[in-house]
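Visitor: Chain by chain, the residues:
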Amino acid sequence: MQENVIYGINGPVITVKGRTELSMSEMVYVGNAGLIGEVIRLDKDAAVIQAYEETSGLRPGEPVKSTGQPMSVTLGPGILSNIFDGIENPLELIAASAGSFIPRGLRPSPLDENKLWDVTVTAKVGDFLNAGDIYATCPETAVITHKVMVPPDVCGKVIEVKKSGQYRVNDTVVVIEKEDGEKKELTLCHKWPIRTPRPITERMSLVKPLITGQRVIDTLFPMAKGGAAAIPGGFGAGKTVTQHQIAKWCDADIIIYIGCGERGNEMTQVLNEFEEITDPQTGENLTSRTVLIANTSNMPVAAREASIYTGVTIAEYYRDMGYHTAMMADSTSRWAEALREISGRLEEMPADEGFPAYLPSRLSEFYERAGYVKTLNQSEGSVSIIGAVSPQGADFSEPVTQNTKRFIRCFWALDKSLAYARHYPAINWNDSYSEYLSDLSQWYIENVGEDFVSCRNELCSILAEEKSLLEIVKLIGSDVLPEDQKLIIETARVIRVGFLQQNALSDIDTFVTTDKQLRMMRTVLLLHHMAKELITKQVPLARIIETGLFDKVIQIKNNVTNENAADIDLYDNEIKSVLSGIRE
Amino acid sequence: MIIEYSGLREINGSLVVLDGVKGASYDEMVELRLDNGTVRTGRIVQIEGERVVVQVFEGTKGISLVNTNTSFKGHPIELSLSPEIMGRVFDGLGRPADGLGEVYPVEKRDVNSSPINPVSRVYPKNYINTGISSIDALTTLIRGQKLPIFSGSGMKHNELAVQIVKQASVADGEDFAIVFAAMGVKNDVADYFRQSFEKANVMDRVVMFLNRSNDPIIERIITPRCALTAAEYLAFELNMNILVILTDMTSYAEALREFSSSKGEIPGRKGYPGYLYSDLASIYERAGIINSSKGSVTQIPILTMPNDDINHPIPDLTGYITEGQIVLDRTLDSVGIYPPIGVLASLSRLMKDGIGAGYTREDHAKLSDQLFSCYAMVQDAKSLAGVIGEDELSAKDKRILEFGKRFESEFIAQSQSENRTILQTLELGWDLLRMLPREDLDRIDDKTYQKYYLK
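Line order of the protein sequences matches chains R and H.
With our numbering applied, the first sequence has no gaps in its numbers, which climb one by one up to 660 at the end.
With our numbering applied, the second sequence has no gaps in its numbers, which climb one by one up to 766 at the end.
Extracted from the complex, chain H is given alone in its bound form (with noise of 0.2 Å):
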């Protein structure tokens, strides 16, 4: 049976308190009927005896002491999952928005999962050919690797996550799906994602998950996990290779600080909750292989970063949890580089086992990291010709300015629609290096210079 509570003790922001409840758990989900017959979801947050603090994902605008009557469910929020999920549409808490009707669940499965035991992880070797030569010759997409796009407001990532998976979708056949999830994006952000899934034809291997810039803001924090829970069925039950794109971090972070500020917990830096790193970690390392399954989890959560500071919390903390980042430069996406990839500060950590003989070609390792060492001595001639001028520069600063031209237009720079094979994305490497003499190549062993430079 289940037991009704009439009316609540307090109200704070998102929370409510209410008094005399007894034998609730630890992360239950509870539902808040109002007189006017609307319902609303929330989940337990804190249990002091009898007294339990419940936080409502849709707000708790209308809400006053007495209106409400509270009941328990008696398990954590849990989302229904089936095969048919594929091509549906959901709300931030997963509910069907699409007016499909409800999905008949094979199986639920609680929001939060459990970690992943790190023995029964496999090493995430194979790389997914992006189509794009800077993140495939130089910060190579893993499957199963969680690979952030560090952004800032305005440029492009939300264009360059598409061709991803558009790109990536072509090299991967059959059992390859999407998961999408939106927290706190303006509604034709959303609405572009929808479009150009449905141009690539892929819309039926989509899940999407959407909580929009007016939606409740508290209701972002079960978002990712909503989606995530979908991904792991997909891919570790129904082995398939999922690809989850969760966007935007800042806005996820940034509900959290609110619910936390509201529970009164002490911050920690800019007032985000002392907890961020763990909680961010909670969704980031639910990316992965696990040995049991042929599926897999590849994330690429999109973040913008305020004021394009690389340093604040969000993308400093998710930097130390993913395995690389991408991040988007402003100075090239002013110039109109498309797309605007900052190659130095980007990394891809598990690219060193995934390329070379047998993934991509054997000099791949040595081209890369004579690429950005280039580009680095690139930067440093930048801004001595920014002090004493380019004509004074030194020859070899010369040249080296050179290649720093060409390899932005020709490298980086590719149009939204083309799909380079990872060859050409080499050979076009070697090419641009060609225009520098062997001694300012230090990277390049003899023979790979013999092999490919001489070539």
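The following block holds chain R by itself, in its conformation from the complex (with noise of 0.2 Å):
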């Protein structure tokens, strides 16, 4: 075979000049120091790799060698728990064996492969095995079981199998015979290029809600498992917070915490704080079902592109063992950067703001991976996608925002104003939308309670009423509006304070149940009815807010448990006895 040399170096761009035996996608070895890259273009005379790895030092006619195979992620038991760079290099190793900074060139197996683990074989001699199959399970961690799956693309009869018994993860325990004769060893981990979506039975429709125990999305703006949402909003507005929130306290099985071009002491902190967090669910520590990629703003920005199809490959995995899986990707933006810098360096033709033509096509391919499916062995998984969006100068009109609002079906609009006067989370209620509302209504309505979604929807409106108030008192202040409006203005103050609001640092507002937000609500609503009934009587508004009731309810959140969420109905009795004496 011809050696393939490099001939030029811009930046992670490097060209092979000649007619090569290179494919597209297919994953190169580069120069002297074996720096991972990819082949992005093939040209008559010349082929076009994008390196993984800072290029500093290559020289032209140092070798380019060729694998064979696109780029791919090694699937199998030991991934959770871990912290990987954008192209499935485990950190930590990396870590102990080159120390604080990141060399090049080092390739580590991304798995473990001197762990034994406890591996149960399923699998029976003469049994024939799809793809997709069970045929060996282990326990990865204290909450999740591993389930060893046939790869998508392989299926035959069982010819041999090993006792159940510890093994690692390039053991063979169980031989095939495809069709065409050819034997197979099966190990416990496969190879996937990450630009393949892995293939299901078929798809689902979406009616279950990923509860997130954030009162603004469950209640106002609910996600779907297997939906896409993403979160816009400026530097600033919260973004990295309340995907830290969802990650910690949604109820997906496994969550993929990407952090894509982002800050490094940001992983450091997840890292830490998961240690730290028993997941409320499991009991256990809430690492034993997290997996980190970290590929931050200054690691290289190829890998960068990488690390979002490193990461949905992986969330496709488990989905395909049955686990409900949520990946939330910090930032989308910053891999279209990635994207838009690659572009610019092959010299393509720019669309809007220099990002390539293809750009909305690559988002759509992305998000499209979530889902709600029936996999290959028949049983429910989802992936669940939850991206944040950095756009230019907080101006949701820039490309990024504007085409991935043309794939996900859930907005969550972070605004600067609101942060600025420290309202967490930043959603801004009159800009957000879930499509998944109508969807999900009915599971609200069975397992939360009847009145919840008619409870979110006068919520709704009277923010809503409340929006159009503003206005007017903005121009005439607020003492000239009549009193009933004034009372949209106090309860839409309670709701926005006392139930939109939520102190991520409180023990006890950090988390809160559906049952907890909708007994919230009711109350909410009781005295907005109660206060309202009373105006109607010529009671003036000001009376009551004297009781302080308002403030009261607002206390709600601080003072309640979760546990303790019966305990709303003693405000219930209070504010009823109160406002009757009123009445007298």
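What the hints contain is simulated information worked out from the structure, not anything from laboratory work.
Treat the hints with caution; some may be incorrect.
[Claimed, not checked] Pair ranges (Cβ atoms, derived): (1) R:Glu541 / H:Asp756: 26 to 32 Å; (2) R:Ala172 / H:Arg406: 36 to 42 Å; (3) R:Thr612 / H:Ser464: 58 to 64 Å; (4) H:Ser393 / R:Glu444: 55 to 61 Å; (5) R:Ser530 / H:Leu765: 40 to 46 Å; (6) H:Asp515 / R:Asp119: 56 to 62 Å; (7) H:Ser464 / R:Gly181: 43 to 49 Å; (8) R:Met425 / H:His386: 36 to 42 Å; (9) H:Ser603 / R:Pro215: 32 to 38 Å; (10) H:His386 / R:Asp119: 31 to 37 Å; (11) R:Lys543 / H:Leu765: 33 to 39 Å.
Glycine included, C-beta positions come from ideal geometry on N, C-alpha and C.
Hints are included, so try docking the two chains, each in its own frame, into the full complex.
Guide: Rendered as structure tokens:
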């Protein structure tokens, strides 16, 4: 085979002269240092490679070795609780061998090859294994059982099985004979190309919510399991805190958290915090259900582009085992910028703001990998994607936000002015929407309370009314409003401060059950309705406010725990007795 | 043996192109020797076969296609490091500029460094007491943080930076040092910093890298990298706590834009290159603490927002990378309030873990939340007063407005030599909140209210 050598170098873009045998998206090793790269363009007389590592020091004439394989990730036990870079290099292993700074050309195996797993082999000789069938299981962490599956492109008859026992990831546990007679040894892991979605049996409709414990999300703008959501916001608006909160508290089985071109310290924070927090559903440490992918802003830009695909491929792998996975990508704008940077180096014709013309199609390919599906082995699983978007200048009309909006159905718009007033989460209730609302209504009615949806809608209409009233107040002050409109403003304040605002740092308030959310809504509305009735009887609003009930209701979030949510009834009783006192 | 190439093929802005070069490596350092004996430095920014493109830091003025001999150094740009760099002054490329001779290197390091492995980072938690109320209480600076000052031309960002350096150094004790990098600043600004450091008796703990406004523009692209390489050496090798001041990042970004356009790259927003984010990140992300060393690198980059526009690409992208920002406010500045910190737009992301019981005081988070929230209401009341007049305001709006006036004149404002302790600052905050009745304080729970408000 002819040897390929480097001809040109321009940042992460490497050219190889001549007609080569390289194929599109093939993984290659570049230069004497063996940097990982991927073929991104083939012309009649040159191949273009993007390098996933810093190219400083490369010389023309150094070899480019082909691998014959597309960019792939290794999937097997040992992924959970681990932290990888954008192309699945295990960062802890790198730190152990190379110190605090990341050197180049290091290619440790992504999964610990020496660790022994307690494997239960479930396949028997003579079984026919289809693609995706489970042939062995092992406990991966305290809460997750890893199900070892036949790769999606393989099937055959079992001709040999090992006894259940302790095995390493690369040990053969089952041998199958394919239809063409070829024998295939199955280990505990297999590889899958990151840019190809893993096959499924069928997509199912999205009818279950992803409960996050965040009131503004669960109640106002709910997210479905298998759905796709975007959190756009300028810097300082609280994207990362919102992502962290969802990662910590949402009821998915597995969390894949991707730090894509973001701050290094934030990844450290996730690492530290997740070790300290106990999962409310399992009672175990949060890290036992989490995978971190850290490609911080100073790590190579091409690996940043790949990190999103690495993450979603891992999410699909666990989905195929029948788990509900949720993937947070912080931030997809950095990924889009990586696309733009590479595209610029290739001298492609730019579209909006220098982004390549294929930005929308790449975005849609990515978000379409979310879904609630029936897997190849007929179990149900889901991949939910929550992508943060960092629009330049907090301007939502820029291309990444606009194109993302087309492919997601849940939009949590963060608002700088709310963040300035330290109203967190700074999700603006006027600009945000969730198209999943109607699909999920049935679930909320059956599982939380019959009046959940009606309460939610009334809350929204009060907030909408407040918005239009505030326009007037801005011009002429609030004193001139009639009493019933003043009440709207006062109730809306209770909703904003007492319900929408949620303190991530408070033990009581950081996670709230849907039951407590419903009870809080009921109390707010009870107060509103009774006050409204008094006002129709000519009682001035000031007298009702004097009772201090509005401020008391605001404090419910700080004073009533999830376990004692029924205590909110005491507030109801107080409202009733105090307000009926006014009546007399 | 080092081969010299005679002559050039092409000159374009700060870039020169050579043909027939063998064995050059990407990012390699290049020396250009002119016929008149002067030497300029450059680095390779693109290779295509035997054609290489070299970026010349000192500019190409006086270079012709025939009067230059070029040699390749075989390594990227390196900085000579030793403990003796303390107290020294270097030019923008890290060469001694104080006439005290070369640094005898204990170690040479590539100025580009490698990224810190996220698992080796230690999450920054120790707060730095700056003695400035609006920073300590509301946007607390944490050791290992990168917290820029967003300013505008004519505002007092240099004074603020000096005050932070002076007052933070007191609390820190011995192994504290400052690395100061100037990119395109005026001579008198550079002198102001030097004199202030001398007055504060810290000059022997300062390393300066100076690229003044009349120095070569492309050199600025290397200046912050030299400064951070020195900072990393002092922090992670010699276990010191380093405060890095980078000023002015706007000049840096403009130099980058000039370089990018002469290279013919496709521009992103406002002509800045599409990789401005990655490039700025490669500077800012070099702040932090790692678990193999006791030292830390804290960064205070200063940037002047063109036309005071916080949405301009430079402050915008900076804000996405740094852990918060201190924004100076033109309105406060014009009424003579120093430091003119616009507290609502300012933020410290690392603050929440570095304050409270065990660090500052348990009520700190609640107090700062409440001050922010009240001051946000002040803005609403002000704009309403602008429409209907102050007299027509409701009683609540009037007292909020009164609170705002005292907050600005007593809490934000302080003299350049006033060094407040954190307890003084917190008590001052409570004093102001006591102007407002309980029902206006929606961020404070009953316990905190009893303990601190009613005290």
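Visitor: Mind listing which of the numbered hints don't hold for this structure, in increasing order?
Guide: none
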